[in-house]
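**Student:** Please model the entire structure based on the sequences and the hints provided.
So you can see what is in the structure, the chains are spelled out below.
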Amino acid sequence: METTRLIIVAVGGQGNLLASKVLGEAALIEGVEVRMSEIHGMAQRGGVVESAIVFGDAKSSIISDGEADILLGFEPAETLRAIGRCSANTRVITNTSTLPPFTVGIGKGPYPEVAEIKRVLKEKTAGLVAIDAMALAKEAGSPMSVNIVLLGALIQTGALGFSKESVVEAIRRRTKPAFLEMNLSAFELGFKAAADGVV
Amino acid sequence: MHKLLTDSPGEQIMLLGNEAIARGAVEAGVAFATTYPGTPSSEISLNLFQMSQESDLYFEYSTNEKVALEVAAAAANSGLRTFCMMKHVGVNVAADPLMTLAYVGVTAGMVILSADDPAMFSSQNEQDNRYYAKFGGLPMLEPSSVAEAKEMIKEAFELSETLKQPVLLRTTTRINHSNAFVTFGEMKERKTKGRFERDPFRCVTVPAVSRNLHVKLLERLDEAQTMAEASGFNLVQGEGPLGIITNGVSFHYAEDAVRDLGIEDRTRILRLGFSNPMPDNMIKEFLKDCEKVLVVEEGEPFMEEAVKASAQEAGIVIPIKGKSPELFSRLSEYDPAMVRETIAAFFGVDYTPAPKLDASDVPEIANRPPNLCSGCSHRATFYAVQKAAQGMDVICPNDIGCYTLGFMPPLSTGDFVICMGSSVSSACGFGQATDQKVIGFIGDSTFFHSGITGLVNAVFNNHNFTLVILENDITAMTGHQPHPGVDMERIGLSGYGRVNIENLVRALGVEHVSVIKPFKVKKSIDTIKEALEFKGVSVVIAQEPCILFARGIKLKKARPFEVTDKCTDHKECINGIACPSFYIEEGRVKIDADTCVGCALCAQICPDNAIRPLKK
Numbered sequence: 000m001e002t003t004r005l006i007i008v009a010v011g012g013q014g015n016l017l018a019s020k021v022l023g024e025a026a027l028i029e030g031v032e033v034r035m036s037e038i039h040g041m042a043q044r045g046g047v048v049e050s051a052i053v054f055g056d057a058k059s060s061i062i063s064d065g066e067a068d069i070l071l072g073f074e075p076a077e078t079l080r081a082i083g084r085c086s087a088n089t090r091v092i093t094n095t096s097t098l099p100p101f102t103v104g105i106g107k108g109p110y111p112e113v114a115e116i117k118r119v120l121k122e123k124t125a126g127l128v129a130i131d132a133m134a135l136a137k138e139a140g141s142p143m144s145v146n147i148v149l150l151g152a153l154i155q156t157g158a159l160g161f162s163k164e165s166v167v168e169a170i171r172r173r174t175k176p177a178f179l180e181m182n183l184s185a186f187e188l189g190f191k192a193a194a195d196g197v198v
Numbered sequence: 000m001h002k003l004l005t006d007s008p009g010e011q012i013m014l015l016g017n018e019a020i021a022r023g024a025v026e027a028g029v030a031f032a033t034t035y036p037g038t039p040s041s042e043i044s045l046n047l048f049q050m051s052q053e054s055d056l057y058f059e060y061s062t063n064e065k066v067a068l069e070v071a072a073a074a075a076n077s078g079l080r081t082f083c084m085m086k087h088v089g090v091n092v093a094a095d096p097l098m099t100l101a102y103v104g105v106t107a108g109m110v111i112l113s114a115d116d117p118a119m120f121s122s123q124n125e126q127d128n129r130y131y132a133k134f135g136g137l138p139m140l141e142p143s144s145v146a147e148a149k150e151m152i153k154e155a156f157e158l159s160e161t162l163k164q165p166v167l168l169r170t171t172t173r174i175n176h177s178n179a180f181v182t183f184g185e186m187k188e189r190k191t192k193g194r195f196e197r198d199p200f201r202c203v204t205v206p207a208v209s210r211n212l213h214v215k216l217l218e219r220l221d222e223a224q225t226m227a228e229a230s231g232f233n234l235v236q237g238e239g240p241l242g243i244i245t246n247g248v249s250f251h252y253a254e255d256a257v258r259d260l261g262i263e264d265r266t267r268i269l270r271l272g273f274s275n276p277m278p279d280n281m282i283k284e285f286l287k288d289c290e291k292v293l294v295v296e297e298g299e300p301f302m303e304e305a306v307k308a309s310a311q312e313a314g315i316v317i318p319i320k321g322k323s324p325e326l327f328s329r330l331s332e333y334d335p336a337m338v339r340e341t342i343a344a345f346f347g348v349d350y351t352p353a354p355k356l357d358a359s360d361v362p363e364i365a366n367r368p369p370n371l372c373s374g375c376s377h378r379a380t381f382y383a384v385q386k387a388a389q390g391m392d393v394i395c396p397n398d399i400g401c402y403t404l405g406f407m408p409p410l411s412t413g414d415f416v417i418c419m420g421s422s423v424s425s426a427c428g429f430g431q432a433t434d435q436k437v438i439g440f441i442g443d444s445t446f447f448h449s450g451i452t453g454l455v456n457a458v459f460n461n462h463n464f465t466l467v468i469l470e471n472d473i474t475a476m477t478g479h480q481p482h483p484g485v486d487m488e489r490i491g492l493s494g495y496g497r498v499n500i501e502n503l504v505r506a507l508g509v510e511h512v513s514v515i516k517p518f519k520v521k522k523s524i525d526t527i528k529e530a531l532e533f534k535g536v537s538v539v540i541a542q543e544p545c546i547l548f549a550r551g552i553k554l555k556k557a558r559p560f561e562v563t564d565k566c567t568d569h570k571e572c573i574n575g576i577a578c579p580s581f582y583i584e585e586g587r588v589k590i591d592a593d594t595c596v597g598c599a600l601c602a603q604i605c606p607d608n609a610i611r612p613l614k615k
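Residue numbers (numbering that gives the first Met the number 0), protein chains in the order written: chain A, 0 to 198; chain B, 0 to 615.
Mixed in with the good hints, there may be bad ones.
From chain B, some residues computed to sit far from chain A (all C-beta separations above 10 angstroms) [stated by the list, open to error]:
1. T5
2. G28
3. M186
4. L286
5. V316
6. M391
7. G413
8. G428
9. Q480
10. K516
11. E529
12. R550
Covered, in the sense of this in silico footprint (three residues per stretch, anywhere, with C-beta under 8 angstroms from a C-beta of chain A), are these stretches of chain B [to be verified]:
13. 174–183
14. 335–341
Hints are computed from structural coordinates only; laboratory data are not their basis.
We put the CB at the ideal spot given by N, CA and C, even for glycine.
**Tutor:** What follows is the structure, given as structure tokens:
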């Protein structure tokens, strides 16, 4: 298989590591080679958490600047901050619900308007899907499911080439039984919203 | 059952590198494991700790890496397969036993894992621990992938047992913290009870004995070199005049680059996985067929220098390059694109990198630096110390842990940090060398690790400083591991002792010892003031469990606060303590009820008394 490189950026606590594991499991179901790397440690004290997932024949498990085929952002400013990971061919999927850094919250740092973030992302890359994943997660039952909502959106775009069924099966295998129904509903909501979320 | 204990050979499972290493150790029949936790190695020990609770595997969190290695050395000399793991700087702490254990050797397989951290994702330096293998005379294996790490640790045990010598398994963060599918293998039976056979002329390192042992170490290294020459971990891939010599994760970046550049038919790659001693003959053979050679290795020119020496001996005069201003750096980690570009440049391959996005007009976004958690007791302690020391010219040696973050404004309570335990000993030096007021900070786990000796030094040499011990009942930074001060019953484990920090400090002879509960702000400030006035060594112990840990074990429940109309906008809360639960909305300070845990620090410092528990 051709190599597909996916970067996920999130704020600590948003569940991007589980999202990565679900995609890894989906790759196994699809029979696609996969390697992923993640950053632990200091980053988890409220900082940015980044996962790199490489699908296909490449052997490396990290992704260089400018070489992500897909950028999946769990927070709009973090999506924009990761623009250096993209090229003009990158497809971007982002949450529009903000989690401003502390300095912004107390009025000591700039945070661009979401409309401006969307404009820049769309202008510089090969396509942008932007959805309010937080609202959909709450609709599914908990803000915790924001990660799975965004997976739904990712799969709908077809950028990864995975079937919906494989990812649903991966969610079944990877989520705790108590959260399964919620996550399946979150996935469905994200999947549907992505069709209308094309910017 | 723990997922890594499943006896299901052939099963494919996605594992973190560190889980794969733990599984490999179990498949190798490891019976005895010790550590002091440190990122990026921490999940190896966490998994072994969990497995030890369900099996006859012995595992311990030792007080520090030196202790861990010495405990392990005894087990490995009693006939048990033993695994000792640590982060790269931990090997510095363990270096004393390491160097002489290499002389003494072992009677059963012993693997020492060093998890290096190029690019310093969570470390204070990016030292290249391959030099420890060379320095100490230890055979070394280096995996290139998660799956290989699992296989390599099994081989490392075999190798160690054959040579009767500890083997160094050296990983980097991108192995430890990558995920990939791994296939479970057979599990070797564990031998969990050993016997030590007296052998003083091997095990008691008086000079007369050690002189013989050094001779034997060199003989064993010769034997190891023969094994390295034949090892399947040292492999040549491809044919052609362009040579690449590589190791670890760089191997895969190089492999991808060669394919992407379309030079597979002209390139041969030598991957060294058994890299100390170097397979000198194999390297010479490889060089004979090359026109020029690029050495692709993160960190120091460890292989490059050895390869150049081999070439010189063999009389091979070809360009051999690696580290240079035009090619590879000794800084940070490598990535696939930079390896591809450097290989293209060195071999003169036509390659134009894809155009970079123009990010010059991207709007500015505030950084998102790590911060102490909402409800973290360290914030309250730092605030109290700052208030108690107001007007004084202070130096605050800090230490390694979450609380290092206290160096950032507005808390600004960290001026000097070099390694675990250095807060105490450097406080001795600052107190003697200056007339400034010295206030050191150290966490409880770090105090046990290497703060105690500094404090003994302070008492003996009659130094002058205040040490604040941040006793939060757990090793927080690395993911909540126990330490000798932890009440293990609290986490449902019996059979452990417990060392009381206050009693210990008093027993060391510290004359001025006080205990504070940091969320009682006024009282804490008063107590700290008294400690600061004391001439000599004073210790303040700040007791309050880590909020994440306390909530994890249901010791504490969140009880969020709110800012009421009484607020007249002093902003002492935001400007003084910078808790991440604050935000400003329409010019007014607010508290995020989803993240506030109700520590009440802000409520106590608000001049208007405007912060109170949120009414439901």
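**Student:** Decide, hint by hint, whether the structure agrees.
**Tutor:** Hints versus structure:
With a minimum CB-CB distance of about 15 angstroms to chain A, B:T5 clears the 10 angstroms threshold, and the non-interface call stands. Its beta-carbon lying about 28 angstroms from the closest one in chain A, B:G28 satisfies the requirement of being farther than 10 angstroms from that chain. Residue placement check: B:M186 keeps its beta carbon more than 10 angstroms from all beta carbons of chain A (closest about 23 angstroms). Against chain A, the non-interface label of B:L286 holds: every CB pair exceeds 10 angstroms, the least being about 24 angstroms.
With a minimum CB-CB distance of about 33 angstroms to chain A, B:V316 clears the 10 angstroms threshold, and the non-interface call stands. For B:M391, the non-interface assignment is confirmed: its Cβ lies about 27 angstroms from the closest Cβ of chain A, beyond the 10 angstroms cut-off. For B:G413, the condition that its CB be more than 10 angstroms from all CB atoms of chain A holds, with the nearest at approximately 14 angstroms. Once the 10 angstroms rule is applied to beta carbons, B:G428 is consistent with being away from chain A; the minimum gap is 27 angstroms.
For B:Q480, the shortest C-beta to C-beta distance to chain A comes to about 14 angstroms, beyond the 10 angstroms cut-off, and the non-interface label holds. No Cβ of chain A comes within 10 angstroms of the Cβ of B:K516; the nearest lies about 23 angstroms off, and the non-interface call holds. The Cβ of B:E529 lies farther than 10 angstroms from every Cβ of chain A, with a closest approach of about 32 angstroms, so its non-interface assignment holds. The Cβ of B:R550 sits about 13 angstroms from the closest Cβ of chain A, beyond the 10 angstroms cut-off, so the non-interface label holds.
For the region 174–183 of chain B, the stated coverage by chain A is satisfied: 5 residues place a CB nearer than 8 angstroms to a CB of that chain, which reaches the threshold of 3. Against chain A, the region 335–341 of chain B contributes 3 residues with a C-beta closer than 8 angstroms to a partner C-beta. That satisfies the three-residue criterion, and the hint holds.
In summary, this structure violates none of the numbered hints.
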